[in-house]
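A.B. asks: In order, the protein sequences belong to chains A and B.
With this note's numbering, the residue at position 739 of the first sequence is 739, and numbering never jumps.
Offset between the second sequence (1-based) and this note's numbering: plus 1000.
Don't read these hints as lab results, they were simulated from the structure.
Glycine residues also receive a C-beta, built at the ideal position from the N, C-alpha and C atoms.
The reader is advised that the hints may include incorrect statements.
For lysine-lysine, the following BS3-like pairs were computed, each having C-alpha atoms within a straight-line distance of at most 30 Å [what the hints assert, rightly or not]:
hint, chain 1, residue 1, chain 2, residue 2
1, A, Lys318, B, Lys1174
2, B, Lys1241, B, Lys1329
3, B, Lys1520, B, Lys1482
4, B, Lys1520, B, Lys1455
5, B, Lys1280, B, Lys1258
6, B, Lys1032, A, Lys575
7, B, Lys1174, A, Lys575
8, B, Lys1370, A, Lys575
9, B, Lys1258, B, Lys1032
10, A, Lys297, B, Lys1032
11, B, Lys1032, A, Lys318
Chain B regions said to be covered by chain A (calculated; three or more residues, Cβ under 8 Å) [as the list claims (entries may be wrong)]:
hint, stretch
12, 1032 to 1039
13, 1054 to 1066
14, 1092 to 1101
15, 1104 to 1118
Each chain is listed here by its residues.
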Amino acid sequence: MTDTPRTLAEELRTRTDSGLVGLLRTRPDLLNPVPGDVTQLATRAGTRASVVRAVERLDRFVLQTAEALAVAPDPCPYGTLAALMAGDAGDAAVAAELPRAVAALRAQALVWGPDDRLRLVRTARELLTPSAAHPSPTGLGPTVAEATAGMSPGRLQEILAAAGLPTTHDPVSAVAALTALFSDRVRMAALLDTAPAESVTVLDKLLWGPPYGGVTDRPAPHLQWLLDRGLLLPAGARNVVLPREAALHLRGGRAHHTPEPLPPALAPATERDPQLVDNAAANQAFTALATVEELLKEWDLGGPPVLRAGGLSVRDLKRTATALDTTEQLAAFWLELAYAAGLIASDGEADERYAATPSAEEWLQLPDHQRWAVLAAAWLPATRTPGVVGTADAKGRALAALGPHLDRSPAPEVRRRALTLLAGLPPGTSVPAAAVRARLRWERPLRGAGPGARAAAAPAGGTVPAAGAVGAPAEDLRARLAQWALAEAELLGVTGRGALSAHGRALLGREPEAADATAAETDAAAARAAALLAPLLPEPLDHVLLQADLTAVAPGPLRRPLAEALGVLADIESKGGATVYRFTPASVRRALDAGRSAAELQEFLSTHSRTPVPQPLAYLIDDVARRHGQLRIGAATAYVRCDDDALLAEILADRRAAPLRLRRLAPTVLAAQTSPEQLLDGLRAMGYAPAAESAAGDVLIARADSYRTPPRTAPGPVPDGPPPPDRTLLEAAVRAIRAGDLAATAERKPVPAPAAAAGALPRTTSAETLATVQAAVLTQSALWIGYVNADGAASQRVIAPVRVEGGFVTAYDHTADEVRTYPLHRITGVAELADDAV
Amino acid sequence: MCGRGARPSQRPAAGKRKARRVNGPLIVQSDKTLLLEVDHELADACRRAIAPFAELERAPEHIHTYRVTPLGLWNARAAGHDAEQVVDALVQFSRYPVPHALLVDIAETMSRYGRLTLVKDPAHGLVLTTTDRPVLEEILRSKKVQPLVGARLDPDSVVVHPSERGQIKQTLLKLGWPAEDLAGYVDGEAHPIELREDGWALRPYQQQAVEGFWHGGSGVVVLPCGAGKTLVGAGAMAQAKATTLILVTNTVSARQWKHELVKRTSLTEDEIGEYSGTRKEIRPVTIATYQVLTTKRKGVYPHLELFDSRDWGLIVYDEVHLLPAPVFKFTADLQARRRLGLTATLVREDGRESDVFSLIGPKRFDAPWKEIEAQGYIAPADCVEVRVNLTESERLTYAMAETEEKYRYCATTASKQQVTEALVRRHQGEQTLVIGQYIDQLDELGEHLDAPVIKGETTNAQREKLFDAFRQGEISVLVVSKVANFSIDLPEATVAIQVSGTFGSRQEEAQRLGRVLRPKADGHEARFYSVVARDTIDQDFAAHRQRFLAEQGYAYRIVDADELLAADEDA
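Same shape as in the complex, but just chain B (with noise of 0.2 Å):
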């Protein structure tokens, strides 16, 4: 590590005058990013200090990158943090003097929080007032802004339609003056839910998470795939104790959901409805598919009544990084319910991270994968990306491929095909998942391998039972397509191989490496390979695909095809 000498153990500001300057943890670049040393002994102060205005952007093994957002600082606000704590925080941790341009600009950015707020109003229902008039005529002003409000009722304080709760928020956070929402939730329909802590309990930070979701109201709980996501929503619901409605990615899940909460809370299977395309049941607490809701037939989405059916207490929006564009307009007009979005990888490849932040609600709680893996609640892994060299021929075909063929082209070769099969004879015996994007490639290495395919047109049932006896260790090896990338819980999975894959998407990467992160038994490390043709436009997509593991301080080994297949000959 960066060897400072001895650093002095006091306050930064009790050094000498020279100590002080070289001395904190963290510096400041003018680009609004927070570098935090993590080796240094401060570090855990400083991270404490800046996790509330500062969003985690890389957490790599030496040096961690925040960055200092509007949305993060008005987050700060709305959890009760004033500019003065940000200010003092960067001043007391910072190496080199803050940049004062800075410092304003933080202060600044601050002062625009709350200046507009949403109340109830006992006589005209849902009201947007002011303490900083000239505000209220800015925004009044704006095309966007006019629609969506009614009568004004004095010079501070309008009526807002009470439907258009969402997106008024939506649109005042993209004018730069977020509004604090002081109108409440409605606490639904009563319904009795109670964790059964029976040998065991909800860990520290689903703990931490579950409260800081229920203090803030609504919002979104980031945690790595693996450290127990459902539990939240679990521990959620027991907090809520009303009627819930969780939407999940596809049936497979929602039967996860179902089982786990059986078996976690003190619901009853009768209790819990699921509502997809099979099957229509609504109950105290009801599992919908995303899929479903967004069927449209003769242009309407027929499934949508779901959200007026009950008078739901909580919505649980599971896997929320991949909120269906629709769903986004749904949810802007349920912004008097309470609302939990649940990931692992909130990035985005369409970049609409701020809808979702500004419709489900601010990020509650985060906490980097390398923390979660440290305590021991997700298996340690081993990412290797292995390099196939092409053959001549394939080279060739692959060079007068048309572009938009290339990648197939390329990720789905027969040298990888024999790769992949040399790493599964090597892990013979373990269980271990072969993922691709390629059906007929997938079907191809199914036949190689002898081992059953899970793909689309898999009924759920025979899925069911592919992956009941994968768990059970009846079949080791199991070829999946892209259907198994979420929510499905396989935790004796040690070693995934990742033959093809969505061209560059990040989360599908972090997703795949999730499939093999429940901790095992025996305490040892996961395995996640993904097999890459050298030189060829596969190696530019799995190089972005790894950027987000990578920026979450997974090392990504890299090794030649051909060394392993020589190290295997000669084993």
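In isolation and in its complexed conformation, chain A is listed as follows (with noise of 0.2 Å):
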């Protein structure tokens, strides 16, 4: 005996080196700060707060073994966990994995003692057992005992009687009795021969849980069978529960109603040709890279203006994405993708506008497959999820592209691992994305943070309704990730036709379940994945076929800078593997107008064409360029008109006339840089006599005008004090006055005194009733507190604490005769109850 362990702490103190690494790293929350001994260590092993998080991460197998041990004895020996697990009937498949699963458990500190004895953590025990507020995802109900607790001896007796089991003399005695008959099989089975057929009906409506039902005051005969022979026992005024050894009975003796020992098969696969997988895959890489480089052509001038709250407008977002001829949920994904790798940011400025970074010119000169490498680095780790881009969060605010809220922190792991299943498969194989689902989804049942989780968590008192552990929302978050993450896999060319490619299976790394790969490990990952990618990327090409019908056709990528020329050369028709180019006057007149000569551009078609330049193409060019730049528009405050061109020359020639900028756009005409103001002054000094001239081409009569303002009042005199009331002021502000002294000095109806010793909330300091609590809790005596309410009224309650954890305290409250939790902070202070007050 003196060898078997008495507490977690003296289990794990046995435990190898290697083993207290293992729970370390399953439950890293456990080293934040380094526990100080085994002691420490078992006691934060045993917090609530590190229990959920242990919990949270079991696969579906384990978690049902952990559920089944909180319905089973404690301690529960391994074939008692294995019949609970299995049932009376056993499962070949759940006793092969039962090991692994109990193992698992032990592994991370949830269960210890040794297998004839295998105790869960007291923690996990009340996270998973049953009761009315948390119904087990067994569907089991209490115990015999539990549910028999405050019941009188009297009625006990009676229903042993009815039971046919002989009396006893206590009622501890009576339970055992009642438990004993109720998991014996054979009288059990014989008892429920004689149950009428409608109770029996009941039975198996209660039988896969929730195991609560309602009755009337005055049950039906069937329902009176059930309760006469404790089948069904009273849980509160008009409820009543099926107890759980009844119900395992009837269940054949299964916790589970389908124990899922082995995850779902990843079915059913699809097997493609892999070098068509990858073919395709690049493909779509390779439009990954047209599309994010279209975008930071599309906002090479400045993007749209950030939002003040953060993010892109919708309507911006609607923009981008017609330019870049895809939807918005698509657009979203390629701007946070961008985003995510440094391309495009903020610019920061005080109209706040995104533009490209530096990084993105750089980006843009590198060849095709590293530019693949720095988006599928950025990819793989990214937290920010487009796929919530339009939907509003939890407090009906929309959530923008490129703004804030977006980050979901399960989605790196999520997308690691989706593609990690796919990276299991043979090459070329794909399965649906419904497969993946159901396979995250047994691997982390309770996983993604959901209310339900967070319920059982947070100290929540029985006002809290929570429907079970897990949480609907919180499933369908994991699931939308991993849908997401399998689409924009696709949209990035890490798979092809939904099977993993070759250049994903290398993204993803030597070791793909390393979650937490270190950036650079994600980058040189990227560059090997990049490395295979290369070969199957298009080779650009330095040449297009030009046609008679001012069209061009690029037979595939094109040279950046041939690209980029054409680009402003012609329109672009049609884009996909091929683009195809329009000629048209104003595309030319475009290239014109971004300083190109006629001359060069028809030297720039001449070297890239293979054919010649079809005549009309020329023609179109020389054509436009003649009448290119025939008209041309300048800036000028004032002229200077003359119809003697020898008088404009001299003042041309004068050094004076320097400071007015004048040029000569005609014999007859100077322009000038100045004001007509300046002007004319300007040349009165220099001894001309200049007129002014209207719009209209008349003289301007120069005469001074007179100076005028728009119209204004005149101001009103300022008297020294206020001015003097008049009579129906005072007599109104004499008549406030009284009014007001009446309602001060008028005798008041007593008020009732508060029912409390003074009336005064009790104050202790926040130590004192912290250790008060504590000991209360310990003593389980009653207290009397004052609170004060989140809206501030202060109150004072009589409350008998039961649990005092993470700064609350969860107690009945005889004042509202229920479990209610109070923020500690909020007690102004307890003083313990005479001991005659409840």
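Both chains are sitting in their own frames, so use the hints and assemble them into the complex.
C.D. replies: Structure representation (structure tokens):
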């Protein structure tokens, strides 16, 4: 007996170092801060927050095992557990997998003790044990002993009698006898054989949970039959519960309806030629690069403004989607991808706009496969999820692309896991997304920090209606993350036709499971992937085919300088594997505007065309060039007109005219860069006699104009004090003063004194409060507290604390007659009650 | 040509990994166009594979553009091709992996065809049945379908008013659920017609066109001008061996049809009737003009009874791209008869191509102009755009002209007149047509060139006389207005000079080129000049007009009028 550990701490102490390392790896929160000794480690491993985290990370079968342990006697022999999991009939798969589950629980310090005395740590037990508030996923109710606690001894004996058992001396033995009857398959079967058919139907209904049902004050005979024999036990007013032992008998001993010892298969698998998959993925990778490049080009002269709350407005998203020729949902993905890769960002100016970053310039210069590596390395560990763009968060705010609140921390783990699952299949094989989602759900049934799990984690009282440990929205997020991950992988060309490509495999790295891969490792993996991808990407071409119908076809991707130049010279008509350009007068003019000459353009086309430049195209360029720049536009603020050319020449030659910045446009016209007034003054100073001209060409008569303000009102007098009050005002004032006076001095009815002593809230320091409450938990005594609720209303309450944890007191509130949770910082003080108070 | 190095001769699938990717002649674009590299060794095989479902849109020298449309896919279904063949064709010949979404879309579109069928029910007449009940429910809810159908027979079928057979097909097509028409055709009144192939035979492509049409039941045959569409009509009549109604654009064309039919078939002069403004004969083969059919008197079309006057077994629509809107309506009522549409240019500036397809039938045969030219059945043509610099005063007048007068002014300037005359002089001795839009311009030209002018007011007798004289070589220059745009058979014309046109009409340009495309006795090249005023709206219209031909591979040369005149003076 000496070598059997009595506590978790003692057992942990006996574990090997590698065992402890394993524990700390799976539950890294225990390391923070590093525990002082094993006792501390054990204590911390037993805290609620830590246990919740650990439980959330269990896979479905291990979780089912833990749930079964929670409804089993404590400590529980392995045999009993195996029976609960596999049922009376036995189940080979469960029997095979159960040791793994128990070992996993033990490794995580959720279970300890030798095989004949398995113990679930107390916190985990509390978390998973069924109660009225937290129905267990097993659907089992409380045990006979728990359900009959507080039942009168007389009633117990009646039940014994009805069930055909001999009476006993005391309630304890009575409960034991009833439990023994329910657990005995043979006797129980005999008892149920005598049950009326309707009663059996009721039992069948409650069998797999929830085990609670309602009854009226005068139950129907078939319910009465069950109540009489203790097969239904009262659970509060008008509620009954099917005791656990009875349910287990009816279930053939199984704690779970469907134990799932093995993960769901990834099926149906579709096999494709791996080369086909790689090619499809490479094609998509190329499209991804083209799309991001197009986005950068679209935003080249500055992107849309940043919303005040951050992110891109819906209209700008729509516009970007149109520019990229895609849907808004996909546009959000490309935007977020470019953002994650550091290619676009906000410029941080006063009127904030999005724009390409300097690294975008570098990115554009990289070879295709390296550009893909940058995107892939940014995508894999990103927590920002474009999938939620367009939906509203919990507070009803719409989530904007590139905006805040897009981070979903489980995203990278889910993404990596989903891809790893695909990596586990033979090359070229794809499975439907639903199969991947089902597998992920099996692996982390509770994960996703859903409300259900959170409710279990928070020290919630009975007032929180927890529907179960698994919350539907949490499931949803994880499933949606998986869905998005697969869709994005396809868009990015990591997968092709739903199967992981060769470069996708390389991207996951040598240890695909290592979700905590460092940035450097990810980059290295991405580089390896890019090396595999490189030969699959189409080779950029350096030529186009020019045709007489004024189109040019690039039968593949073009080298960047060529693509850029051609993009200016011609309009893109069709995109895809090839690009079709059309030359129009407008597009040629654009190129001329960009500073190219007609000769350069002709030269450019003949260099990059494998065929002679068609004559109509050459003509088009020459024709547009001939007229380009025929009209010249400039700005001048004033002009000098004179019929005498010589006089104008004289003015131009005069040095004093230099500040007027004159330029001769025509023999008789000078343009100036100064205002007409300055020009007049300047010329007069030079000794000329210029006259001003109106817009219509008339000579303006120069006369000193009087200057006037717009219409204004004259200022009123400003007297020393306030104006003397008039009579009406004075009378009203006196009436108001009298009324106020009356209200203040009127005699009041006495207010009834508060029920508690002196009416004042008890006041204690927070340390005292904590100590007193903790003591009360141990002694199970009641306390008198002063409490200020969230609205600031103070009240006094009598409570019987049950648990103190995480700054909260869970207590039975005598005043409200229910279990409630109080934050410690809201308790103004506590006082112990006189013994006779409750 | 784009030299992709040595191309392995085996099929793409057999190539090496990298080779396979770059090997195909076809590039599938995301906007559902297909680019076919014509100089590729697999181009012909590829063209054959994609022709059933893709429309040839442009055929310039290096890369031909095809477009995949729902209509094309449904026609392919109607012709017995399934989605798998279409996808196979794309995947097999594509140079780059075909976007998956596009393949899915093709399969989805094709699966919409045939869920609804029009069948002849012995008891209820014309019945629309479905294999997919929700589709029937969906289309019956449409307001446009409701007036066309009668009683519901059972959950899967509904009676269709026999008169609405065309309407309902058109409406269902617009709703995206094309109906397969299995109701068949009436045979019509039998009448013996045979081709008399003495010393000539149908050309292979004409034969193919006739077969394609007959196999499909109804439809449109697209052949270049001068490629012998009349013979395709005659061939179809010989297949039908039934009374035939032929609808043509004008009386001259009607006479030419009659002449040709008497010459090439067993039909005699007496068996062929002309139904036009002047004559109203109804014979086993009747040739009617669109004009007489669409004449409206007191709000009714008095000549409509022609359609019911005999039990026609075949209706031929010549120049189907000109089909006037009222004829569309009558045609909708003629769905039980075989219909053959003939055209060189199925481009309508009013965009009603799809109405032609849904009412007359899908395109059954189509040959690129350059292909027929290569086979030697039409003359090669040298298309030249002559750019005329306007004089300063002309430019000023042009700049100040009212917007709606601008085209007329720049199209009829004296500078153009001069250049046109110079061109005619240059080709002295060759049979030359001068074609224009504006009568006063033509009259003036006729006067200067001392050539007869044929215009709207010229009587048919006079027209025939002049055309005959031209064919005989008695006159070498003929000035014609747009009355000569179509169906005028002038085999000896070798030079056409276009001085003005109906704004930017693409099909008019093609038709005018067609006037000189009949193969020449000495096999020499035809010349087509388009005289255009530089830097005016005339030039913009010309660019638009040339688009169809440029897309058919006719590369226009541009010549400066000044250079041309200078060269002439030197010579």
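A.B. asks: Hinted pair, alpha-carbon criterion (30 Å max): A:Lys318, B:Lys1174. Please report holds or violated.
C.D. replies: holds, 29 Å
A.B. asks: Going straight from one Cα to the other, do B:Lys1174 and A:Lys575 come out at no more than 30 Å?
C.D. replies: holds, 27 Å
A.B. asks: Would you check chain A against the stretch 1032 to 1039 of chain B, counting CB to CB pairs closer than 8 Å, and say if three or more residues qualify?
C.D. replies: holds (count 3)
A.B. asks: Would the hint linking B:Lys1520 and B:Lys1482 be met if the CA-CA limit is 30 Å?
C.D. replies: holds, 23 Å
A.B. asks: Taking 8 Å as the C-beta cutoff, is the stated coverage of the stretch 1092 to 1101 of chain B by chain A satisfied by three or more residues?
C.D. replies: holds (count 6)
A.B. asks: Counting residues of the stretch 1104 to 1118 of chain B whose CB is closer than 8 Å to a CB in chain A, do you get three or more?
C.D. replies: violated (count 0)
A.B. asks: Quickly compare the C-alpha distance for B:Lys1280 and B:Lys1258 to 30 Å and report which way the hint goes.
C.D. replies: Holds, at about 15 Å.
A.B. asks: Do at least three Cβ atoms from the stretch 1054 to 1066 of chain B come closer than 8 Å to Cβ atoms of chain A?
C.D. replies: holds (count 6)
A.B. asks: Could you grab the alpha-carbon distance between B:Lys1258 and B:Lys1032 and see if it respects the 30 Å cut-off?
C.D. replies: violated, 44 Å
A.B. asks: Check whether the Cα positions of B:Lys1520 and B:Lys1455 lie no farther apart than 30 Å.
C.D. replies: Holds - the C-alpha atoms of B:Lys1455 and B:Lys1520 are around 26 Å apart, at most 30 Å.
A.B. asks: Within 30 Å, alpha carbon to alpha carbon, are B:Lys1241 and B:Lys1329?
C.D. replies: holds, 26 Å
A.B. asks: Taken at face value, is the distance from the CA of B:Lys1032 to the CA of A:Lys297 at most 30 Å?
C.D. replies: It holds: about 24 Å lies between the C-alpha atoms, which stays within 30 Å.
The structure does not agree with the numbered hints 9 and 15 stated previously, though it agrees with the rest.
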